[in-house]
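FYI, the working numbering numbers position 2 of the sequence shown as 86, with every residue one higher than the one before it.
To be clear, the hints were calculated from the coordinates, so they are not data collected in a lab.
These figures come from a predicted structure and were not determined experimentally.
Each residue gets a CB set at the ideal place from its N, CA and C atoms; glycine is no exception.
Hints are supplied without guarantee of correctness; some may be wrong.
Label-pair ranges, simulated between beta-carbon atoms [said to hold, decoys possible]:
| # | residue 1 | residue 2 | range |
| --- | --- | --- | --- |
| 1 | 169 | 203 | 27 to 37 Å |
| 2 | 363 | 188 | 30 to 40 Å |
| 3 | 203 | 270 | 49 to 59 Å |
| 4 | 189 | 370 | 22 to 32 Å |
| 5 | 381 | 203 | 42 to 52 Å |
| 6 | 424 | 250 | 24 to 34 Å |
| 7 | 343 | 193 | 14 to 24 Å |
| 8 | 343 | 237 | 20 to 30 Å |
| 9 | 245 | 169 | 37 to 47 Å |
| 10 | 212 | 326 | 18 to 28 Å |
Below, simulated DSS-like cross-link-like pairs (lysine-lysine); rule was C-alpha separation at most 30 Å, straight line [claimed, not checked]:
| # | residue 1 | residue 2 |
| --- | --- | --- |
| 11 | 375 | 181 |
| 12 | 200 | 318 |
| 13 | 173 | 200 |
| 14 | 251 | 375 |
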Amino acid sequence: MPKTKSPLTKIKVTQIATASLEAMEKEIDSAKELRRLEEVSRLESERTRQLGHLLLASEAEKLKLTAIFFENLKERLVTALESVRLRYKDFDFKSWKDFAAFVQGKVTSIKVTNIKKFERGLQGRKWWFIGSILFERYIKYGPVRRFLDETAQDARNTINDSIRSNKSYTMIDAWNKLISVTKEFGELSAGVEFLLETVDGEKQFLDFGHIAFNRDGYWIIPTPTEIKLPSAAKKVAIQFSEFIDRLREAKKLIVKFQAADFGKLEKYVGSGIITLEKADEFAVAEIDRSKLVFDQNALNQMVVKPTKEAWGSVKKPAKSPNIDIDLGTTSQEGGFNYWKIEVDINRDPFQSLYQAIFLGTK
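Using the sequences and the hints given, assemble the complete structure.
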């Protein structure tokens, strides 16, 4: 592990919080901002007031306040995770510094227009951050990733076995057209975010899913996967039932891959199936939806969530947490089956991370 400063004590974190708030208030001088300062000052806690100052600031002010708000963030992240044996590598970062930079970018990108919306969204933003930013990234890149990789391989192999045994296998596309597939599907690449371009703009489509192409240009998503906290997982059946319809009605499908997959995907460029570019930490591809085919017998959709009872107990990073598998259906009257994947993981590390990020204490 790279050298870091000593973890912060609770007293030190509290001192930083107070100093940060005072420094923020000195940066605000216009009449409009003074009114906002007065509104923010009525918020319940120091941590909430600090967040309010940052998120409600103008772009010019935000640059100044960001440095104040995130002072010693790297050390605070180390402090939050030291007792639960989680590492920056479990979130796919090369260092604590990279983890801190990622967090800073996500927090400052939150859009809030007034104090009422800020207050109403406090709890929602908390669980969005814990779920979509922290837990989701842990599932995609941490110990559970091996399970996701192996499950996708098994699903792809089942399709390939049918193609090999029968010389062809009848699959179906998003427009309910039957497709006779005669070539096996090859190497898997993991899509870490799927987006749809629609008439109403860009929309989130799928949290995670591997893809594989065959030599005829057809491709599959063997195990389309959503990553949810328990409350959001209750609504995933509706999301899964709309999966094909949303894909069919969209204008484009965009998939983000880890940058390391760029080479694997590049060989398909020029085929007319995929366009590819590098963007930050991702290889970003637009892939032809008309060539995406599905197994008629099983979409193999999965939802990954933490266990409901206190989220279980965290394991050492070198080991995968215990995983329970159950079956759900998209409709009480039938519909598609999907897999419920419960990960035995403690919520405390994610709560501690959230508090550390926003200058709270463990």
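Hint check results:
For the pair residue 169 and residue 203, the beta carbons lie near 36 Å from each other, so the given range of 27 to 37 Å is met. Range check, residue 363 to residue 188: about 19 Å between beta-carbon atoms, so the 30 to 40 Å window is missed. In this structure, residue 203 and residue 270 meet the distance hint of 49 to 59 Å, their C-beta atoms being roughly 52 Å apart. Take residue 189 and residue 370: their Cβ atoms lie about 24 Å apart, and the range 22 to 32 Å holds.
For residue 381 and residue 203, the Cβ-Cβ distance of about 49 Å falls inside the hinted range of 42 to 52 Å, so the restraint holds. Separation of residue 424 from residue 250 is about 31 Å and conforms to the stated range, judged on CB atoms against 24 to 34 Å. The given range of 14 to 24 Å is respected by residue 343 and residue 193, whose C-beta atoms sit roughly 20 Å from each other. In this structure the hint that residue 343 and residue 237 lie 20 to 30 Å apart at CB holds, the actual value being about 22 Å.
Roughly 40 Å separates the CB atoms of residue 245 and residue 169, a value that falls within the hinted 37 to 47 Å. The hinted range of 18 to 28 Å is satisfied by residue 212 and residue 326, whose Cβ atoms lie roughly 21 Å apart. Proximity of residue 375 to residue 181 is assessed by CA-CA distance (about 41 Å); at most 30 Å being required, the pair is judged violated. Between residue 200 and residue 318 the alpha-carbon distance is near 28 Å, which keeps this suggested pair within the 30 Å criterion.
Under the criterion of a C-alpha separation no larger than 30 Å, the hint pairing residue 173 with residue 200 is inconsistent with the structure, at around 38 Å. Simply put, residue 251 and residue 375 have alpha-carbon atoms about 20 Å apart, close enough for the 30 Å limit, and the pair holds.
Of the hints listed earlier, those the structure fails to meet are numbers 2, 11 and 13, in rising order.
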